[in-house]
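Asks: The primary structure of each chain is shown beneath.
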Amino acid sequence: MNAEQAALVERFNGFLQKIDDRLTELMGEAENGLGALFAEHPDDPLVVGNALTGLDYQIEQLRSKVQETWDGQIEAAFSNFDDGAFLDVGLDRKEDFLLAFSERWDTFKTGAMVAFYEAMRPRAEAGLRREYRCSACSAGIELPQQTEPASIYCPFCRAVNQVIPETVVVQYFGSGFGGGVGHAAGEAAALPHRYAVERHKIAINRYRRARDWCPETLAQLEELEKLELAYWTTYVNTSAAATGRASDQALVKSRMDAFRKYELENNQVWVRAKKK
Amino acid sequence: MSAELEELERALEGELEWIRARRTKAGWPEVQARLGMEKKPIAFGGVTPEHVRAAVRLLARNAALRLEELQHRVERARASALWDRLARLADEEAERHRQASGARLGQVFANAAENVDFWKSQWDGAKNVLVLLCKTCGAPQERTRDYRCGYCGGELFRRQEEEP
Chain A
1 MNAEQAALVE
11 RFNGFLQKID
21 DRLTELMGEA
31 ENGLGALFAE
41 HPDDPLVVGN
51 ALTGLDYQIE
61 QLRSKVQETW
71 DGQIEAAFSN
81 FDDGAFLDVG
91 LDRKEDFLLA
101 FSERWDTFKT
111 GAMVAFYEAM
121 RPRAEAGLRR
131 EYRCSACSAG
141 IELPQQTEPA
151 SIYCPFCRAV
161 NQVIPETVVV
171 QYFGSGFGGG
181 VGHAAGEAAA
191 LPHRYAVERH
201 KIAINRYRRA
211 RDWCPETLAQ
221 LEELEKLELA
231 YWTTYVNTSA
241 AATGRASDQA
251 LVKSRMDAFR
261 KYELENNQVW
271 VRAKKK
Chain B
277 MSAELEELER
287 ALEGELEWIR
297 ARRTKAGWPE
307 VQARLGMEKK
317 PIAFGGVTPE
327 HVRAAVRLLA
337 RNAALRLEEL
347 QHRVERARAS
357 ALWDRLARLA
367 DEEAERHRQA
377 SGARLGQVFA
387 NAAENVDFWK
397 SQWDGAKNVL
407 VLLCKTCGAP
417 QERTRDYRCG
427 YCGGELFRRQ
437 EEEP
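Note that the protein sequences, when read in sequence, are chains A and B.
What the first sequence shows, in my numbering, is residues 1 to 276, in sequence order.
What the second sequence shows, in my numbering, is residues 277 to 440, in sequence order.
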């Protein structure tokens, strides 16, 4: 890299640092605001979700400045000094920065949801100890699973009671189909694996680009499969641990089947090696 | 004598500025250490108005102790004004922090909570335990997933064609 190229890279890094600093500021303000929201609406994930959606928009505005500035000014400057590889230096720097930017923000969001549910936990646990009485004769009835609604037959008066757990219990534990602390904890734990998959895909592309766009190697594709499996396994196991439900291995299988079908089984290297 | 009061007011202002500059997760442990507060790590949510209120209350208490020593030697009206200020100080600083925290993103959080009360009111008072009653004879449902009354043969639910 010559002196002019190095100076351009430094200026680009300076611009990216400003974006990163602004992200840090926004995350600090967001954390304060979310903390206040948790205190005012401790049992309502809808409010937190709304706030995070609104914050997503603010963050996206910031993120899009990188691409706009690249398109408007920086790409031309890198192209001017391009010697066959220099433009890629700029593109790679932008790509790495945007991935790290997204990872920081996603980590913040998943952390926020985990914090929200952690704060809800004492009330949810108290809700689990609630006693239910038959609506017709007031005899005590028990939910077979304290976190799931059920139709319970009263052995005393024979009425069928539709029993729904306390709202805070339903909000905290979610349903058997997801949501609640299970999803929040699973997503937070699995997020680094998601970004490991993205980074591996970027590494594969750069490997191919350096070799005149040769095909991926089988080892790279198998590593991709391993990383994707790590994501889903972590998500499912962490969700199960957070809620006390059984680990949903069927979800792992269905996600991996879809991943293989759409990301691997249309690749000739994979097809030839695996004979699929 | 008024110099002592001015010194106290200046010191108080200085301490407040010092605390305001450290209302972050990174800076707050210093505030806790300086004021002899319990060193609790700041959870998600950052430094809240309650944290600020607790810290400034300690500051105000220290200033009040000093003012108590001075008040008989200084002008009564000025001492009284400072007493009033010390009484309100913690709440004012907490509110100031609350407003500063949400300044740029305030609208995002206001929008997030806008329709919550409406939906909460729809669910308030909702019962957790329900028994379906036959709309003909009032008998309770006695078999799960069977919506025909075991006593009169009537329907437990109103049919769509009967809707007004």
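Since the hints were made in silico from the structure, they are not lab data.
Check each hint, because a few of them may be wrong.
Covered stretches of chain B, as calculated for chain A (at least 3 residues, CB under 8 Å) [stated by the list, open to error]:
| hint | stretch |
| --- | --- |
| 1 | 278 to 288 |
| 2 | 313 to 327 |
| 3 | 403 to 416 |
Distance windows between CB atoms, simulated [to be verified]:
| hint | chain 1 | residue 1 | chain 2 | residue 2 | range |
| --- | --- | --- | --- | --- | --- |
| 4 | A | L98 | B | W359 | 54 to 62 Å |
| 5 | B | Q383 | A | D83 | 46 to 54 Å |
| 6 | A | R22 | B | A309 | 49 to 57 Å |
| 7 | B | D422 | A | G111 | 41 to 49 Å |
The beta-carbon is built from N, C-alpha and C at its ideal position, and this holds for glycine as well.
Asks: Would you mind marking each hint as holding or not holding in the structure?
Replies: Hint check:
no.	hint	in the structure
1	278 to 288	violated (count 0)
2	313 to 327	holds (count 7)
3	403 to 416	holds (count 7)
4	A/L98 <-> B/W359: 54 to 62 Å	holds, 56 Å
5	B/Q383 <-> A/D83: 46 to 54 Å	holds, 48 Å
6	A/R22 <-> B/A309: 49 to 57 Å	violated, 30 Å
7	B/D422 <-> A/G111: 41 to 49 Å	holds, 47 Å
Comparing the model with each numbered hint stated earlier shows that hints 1, 6 do not hold.
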